[in-house]
Amino acid sequence: DQQVKQNSPSLSVQEGRISILNCDYTNSMFDYFLWYKKYPAEGPTFLISISSIKDKNEDGRFTVFLNKSAKHLSLHIVPSQPGDSAVYFCAARPSNSGYALNFGKGTSLLVTP
Amino acid sequence: EAGVVQSPRYKIIEKKQPVAFWCNPISGHNTLYWYRQNLGQGPELLIRYENEEAVDDSQLPKDRFSAERLKGVDSTLKIQPAELGDSAVYLCASSGWSGEKLFFGSGTQLSVL
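Heads up: the protein sequence lines correspond to chains A and B, in order.
All you need for our numbering is the position in the first sequence, starting with 1, plus 31.
All you need for our numbering is the position in the second sequence, starting with 1, plus 4.
Please note that a few of the clues may not be correct.
[Unchecked claim] Okay, derived cross-link-like pairs now, BS3-like style, lysine-lysine, Cα gap no bigger than 30 angstroms in a straight line: (1) A:Lys-136 / B:Lys-82; (2) A:Lys-68 / B:Lys-20; (3) B:Lys-20 / A:Lys-136; (4) B:Lys-75 / A:Lys-136; (5) A:Lys-102 / A:Lys-68.
Calculated from the structure, these hints are not laboratory results.
Make a model of the complete structure from these sequences and hints.
See the structure below:
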């Protein structure tokens, strides 16, 4: 069963606008959430993370929001740039099973000039 | 600092043949992970090592898959015999003591014909 869900397989945004990628989870034991970015033929690279005790974390153009009651998190990219075009994976770590991450299926973001 | 190194990058084999993947984690990282990523899916954990001990191998198909991490550094993942459904990208990742984020290698793209 998919415990981390990214329901939008793809998203297209114009350069300079905001990109919003969404992620839902079902496991209440998740205590740490991460976003990874993946270019073709490369491994996923860490982008930004948030602990379950926070509701927002910001790093430059990237902000992650966490709504624990709704079991929902989102990644905001402002402003979007063509180089942001990649597949974005939402990942979550259960507090009771080491550091292995559960991943969503990913959202392919295309930023057009 | 060198990242996670995997080899080979690509492997094409016929079904029923054996295949092996190699991973060298980031120096000093005690935790090593093998993930499998099927087309259009997120990475799924196969096995996690703490030093040389496999602490989570519940998702590893043990009838044909095996892994080892001798001396707690490099790791090898083997499939014998390979089946058509094993075609996927095999990703290795490592993390330090905090385990807050995983660093991934570029992966091995396996095609079983």
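To see whether the hints hold, each was checked on the structure:
1. A:Lys-136 / B:Lys-82: holds, 25 angstroms
2. A:Lys-68 / B:Lys-20: With a Cα-Cα distance of about 34 angstroms, the restraint between Lys-68 (chain A) and Lys-20 (chain B) is violated, given a limit of 30 angstroms.
3. B:Lys-20 / A:Lys-136: holds, 29 angstroms
4. B:Lys-75 / A:Lys-136: Violated, because 34 angstroms separates the two Cα atoms, which is more than 30 angstroms.
5. A:Lys-102 / A:Lys-68: holds, 21 angstroms
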